[in-house]
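Can you build the whole structure from these sequences, using the hints too?
Chains A and B are the protein sequences, given in the same order. Just so you know, we're using the working numbering here: the first sequence kicks off at 1 and counts up by one. Just so you know, we're using the working numbering here: the second sequence kicks off at 1 and counts up by one.
Rather than coming from a laboratory, the hints here were simulated on the basis of the structure. Predicted model only: the values in this text are computed from it and were never measured. Every residue, glycine too, gets a C-beta built ideally from N, C-alpha and C. Mixed in with the good hints there might be a few duds.
Stated by the list, open to error - Here are a few chain A residues that face chain B, going by a calculated C-beta distance under 8 Å: (1) F7; (2) T8; (3) G153; (4) Q154; (5) L184; (6) Q188; (7) L189; (8) T203; (9) R205.
2 protein chains.
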Amino acid sequence: MRVDVFFTAREAAPGDVAGRVVAVIDVLRASSCIAAALANGARAIFPGETTEAVLTRARAFDRGEVRLAGERRMRKIEGFDLGNSPLEFTRDAVEGRTVLMTTTNGTAAFGATQGAREVYVAAYVNFSPVAEVLRRALRAGADVAIVCAGQDGQFALEDAACAGRLVQHVTRRLAPVAMNDGALAAAQLHRKFGGDVWELFETSRHGQALAEAGFAADLVACATMDAYPVVPAYADRQITRLGPPVEA
Amino acid sequence: MRVDVFFTAREAAPGDVAGRVVAVIDVLRASSCIAAALANGARAIFPGETTEAVLTRARAFDRGEVRLAGERRMRKIEGFDLGNSPLEFTRDAVEGRTVLMTTTNGTAAFGATQGAREVYVAAYVNFSPVAEVLRRALRAGADVAIVCAGQDGQFALEDAACAGRLVQHVTRRLAPVAMNDGALAAAQLHRKFGGDVWELFETSRHGQALAEAGFAADLVACATMDAYPVVPAYADRQITRLGPPVEA
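Below is the structure:
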């Protein structure tokens, strides 16, 4: 029974995720978009590492069945339907459809989860239900690994703080749970920076960059705790909603 | 004028160190050994990534001129003169000699410093003189990058806290200095965990592993602030002492 946190996908070695229950975090903004899409009735999301991977997969669908989504340097990819803003993943846009998605940091993180027993996608917008799933797994004896997407392969404060909040919730009132240094540090960073998520985004470099690029509304959306209370589960290269279908 | 912290060598992209003044940190124990060796009169230290690299370089010297040093899984490499314990790098052992050294995490970190303007080696045992050199560089307009060796490519709390202490000292009473998320986080981790270095080592996974393996005395040595107050400078693949030679 242990909880480890990895601040970048490259930190997580195969042995760190094999057989474990894993949460992938890319608060700004891929994880938040995935939760928004599933909460608004998307059938599934396929994360792809490249634009080409998304376009190739799109050929397997009728055009009306899918939405192409993704960003490069924060902006929507040319010719795609949606960017990487959770506010774009409305019911009108995604209900009943499959979302094919590529983002700079978020989708690459799934590559680090090979061999995991279960993989979930976490953000502030779906914090509580994912925390509950992880907590139950831990109490049932599973080891948990939390993999932050980070920013261009580097530590990102908002992902670290969200990971620390998960560590805190998942281990609360349990017998001492073994943790790696990353989990200890993340919990502390949550206590210092994570109390007010909006302030956290104003502090983090990626939050600042998004605000400067005109995405302040996205920051508000991504800071809204449990706005999209779904548990996105990743398996067989697709993400679907755990549990009963969304009510219309 | 900025200070960035990278928690693993792989986090630091070439553009993050190019033209900068860089500090490499591997508190447990390579940085501490390097400071001990130079304080005790070693001529130079050659960090090598592998045992083979050390043995190959040794051929360029008379056997009496060099000391072979290094560890794998915390233990001295078979046939080498010294392990990775700062207490082994005594004046008797190293004075006037060149140390050829390989360690699991420490020496690899130098590979991430290509293109840097200057590279120094920092630990708690030589904290103040290195902090002063970095602070002067920053005040003179340089950008500073602090690269933590980490543990097997992963975040290590003791390196992060030492980096945070550097950030705090280097930026004190200066006009706001730009920082990446790593530097913000490191400074906070220093404030939380770094006040008592011995306690920090008891908390960190690598510190615990060393204590369990019988290296508690090394932890005491590595926790002793400014015990070896030298500035190790890395250039042309060797580390020498900045400033006047050690007095006998």
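Hint by hint, here is what the structure shows:
no.: 1; hint: F7; in the structure: holds, 6 Å
no.: 2; hint: T8; in the structure: holds, 7 Å
no.: 3; hint: G153; in the structure: holds, 6 Å
no.: 4; hint: Q154; in the structure: holds, 5 Å
no.: 5; hint: L184; in the structure: holds, 6 Å
no.: 6; hint: Q188; in the structure: holds, 5 Å
no.: 7; hint: L189; in the structure: holds, 6 Å
no.: 8; hint: T203; in the structure: holds, 7 Å
no.: 9; hint: R205; in the structure: holds, 5 Å
Hint compliance for this structure: every hint is met.
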